[in-house]
Amino acid sequence: MENSWLSKFLPKDEYKEKRMLYFIAESAIILATLLFLFVLLNNYSLYGSSNTGTLALLSLGFIVAYILLRYILSGIEYTEVTSEKRYSKEKKAIINRSFIFLILLITAYVLIDGIPSDITKIFIPLSSAFFIAFFMYFVSYTSLKRSFKKNKDILDD
Amino acid sequence: MRNRMKVARVEKSLTQAQLGKKVSVTRQTISLIEKGEYNPTLKLCISIAKALDRTLDDLFWEE
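Protein sequences appear in the order of chains A and B.
If you read the first sequence in our numbering, its first letter stands for residue 1, the second for the next number, and so on.
If you read the second sequence in our numbering, its first letter stands for residue 158, the second for the next number, and so on.
Please keep in mind that the hints were generated in silico from the structure rather than gathered at the bench.
Treat the numbers as computed from the prediction; the structure is a model and nothing was measured.
A couple of the hints might just be wrong.
Unchecked claim - Below, in silico cross-link-like pairs of lysine-lysine (BS3-like), each with a Cα-Cα straight-line distance of 25 angstroms or less: (1) 169(B) / 18(A); (2) 150(A) / 207(B); (3) 8(A) / 163(B); (4) 85(A) / 149(A); (5) 150(A) / 163(B); (6) 16(A) / 192(B); (7) 12(A) / 200(B); (8) 178(B) / 12(A); (9) 200(B) / 145(A); (10) 89(A) / 149(A); (11) 149(A) / 91(A); (12) 200(B) / 169(B); (13) 163(B) / 16(A); (14) 18(A) / 207(B); (15) 18(A) / 200(B); (16) 152(A) / 178(B); (17) 169(B) / 85(A); (18) 179(B) / 18(A); (19) 18(A) / 163(B); (20) 207(B) / 16(A); (21) 192(B) / 12(A); (22) 16(A) / 179(B); (23) 192(B) / 8(A); (24) 178(B) / 8(A); (25) 200(B) / 150(A).
Said to hold, decoys possible - If you want the ones that stay clear, here's a sample from chain A, every Cβ over 12 angstroms from chain B, calculated: (26) 8; (27) 15; (28) 27; (29) 74; (30) 79; (31) 88; (32) 104; (33) 119; (34) 122; (35) 128.
All C-beta atoms in this analysis are idealised placements derived from N, C-alpha and C, irrespective of residue type, glycine included.
Could you put the whole structure together from the sequences, leaning on the hints where they help?
And the structure:
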């Protein structure tokens with residue numbers, strides 16, 4: 001816990017510290033679930049305004065994004081990547097996964113909305129699909145890079 | 158995790174609160190470790206062993 005700013009606000013006693021971390025994590029999960037339900041209710045009912053729905057969605061997004069960001073930057077995802085060979089193999093796998101995801105997104109769009117008659121109508125969904133696939137690649141690649149660096153630093157000589 | 162911490166602590170004439178103070182944890186944490194309801198970190202195990210003048214084997218090794 002030494003690497004987290006949260007440790008400054010936690011009890012010194014390690015048992016209490018561990019319990020407190022569980023309580024904080026539980027509250028975050030409950031909060032995220034409630035926000036998700038609120039967003040659903042707000043968007044699909046006559047009650048509530050779009051502003052509160054957007055605010056709830058942004059709050060939910062923050063919880064998810066913060067956890068994802070910390071997870072990626074901590075380098076704990078690819079624990080077995082310790083050699084250049086394995087690194088290259090995983091990098092290729094990430095590119096393949098992102099490409100397959102892009103194809104699936106485009107296929108899903110065509111299946112739901114049908115083949116667009118106008119070329120201009122395909123631009124927004126296609127660019128969205130590219131953006132999502134690139135984001136997926138970027139997240140996985142950053143995580144791989146950080147994991148590889150961390151693994152190299154702690155490697156037994 | 159079963160351990161022989163309580164015996165060692167009594168032999169050293171220390172209360173749970175005194176031992177807790179020596180290793181910078183609460184009396185409750187010492188009590189939970191003695192009852193086997195909390196697994197302490199290795200860092201805390203070493204601190205406890207040093208405070209009780211015992212080895213880790215003496216206190217925590219299961220035969």
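Evaluation of the provided hints:
no., hint, in the structure
1, 169(B) / 18(A), "29 angstroms, violated"
2, 150(A) / 207(B), "32 angstroms, violated"
3, 8(A) / 163(B), "31 angstroms, violated"
4, 85(A) / 149(A), "14 angstroms, holds"
5, 150(A) / 163(B), "40 angstroms, violated"
6, 16(A) / 192(B), "16 angstroms, holds"
7, 12(A) / 200(B), "13 angstroms, holds"
8, 178(B) / 12(A), "12 angstroms, holds"
9, 200(B) / 145(A), "31 angstroms, violated"
10, 89(A) / 149(A), "16 angstroms, holds"
11, 149(A) / 91(A), "14 angstroms, holds"
12, 200(B) / 169(B), "21 angstroms, holds"
13, 163(B) / 16(A), "21 angstroms, holds"
14, 18(A) / 207(B), "23 angstroms, holds"
15, 18(A) / 200(B), "15 angstroms, holds"
16, 152(A) / 178(B), "39 angstroms, violated"
17, 169(B) / 85(A), "56 angstroms, violated"
18, 179(B) / 18(A), "20 angstroms, holds"
19, 18(A) / 163(B), "23 angstroms, holds"
20, 207(B) / 16(A), "22 angstroms, holds"
21, 192(B) / 12(A), "21 angstroms, holds"
22, 16(A) / 179(B), "17 angstroms, holds"
23, 192(B) / 8(A), "29 angstroms, violated"
24, 178(B) / 8(A), "20 angstroms, holds"
25, 200(B) / 150(A), "23 angstroms, holds"
26, 8, "16 angstroms, holds"
27, 15, "4 angstroms, violated"
28, 27, "22 angstroms, holds"
29, 74, "19 angstroms, holds"
30, 79, "20 angstroms, holds"
31, 88, "36 angstroms, holds"
32, 104, "44 angstroms, holds"
33, 119, "62 angstroms, holds"
34, 122, "57 angstroms, holds"
35, 128, "47 angstroms, holds"
Consistency note: the structure conflicts with the earlier hints numbered 1, 2, 3, 5, 9, 16, 17, 23, 27.
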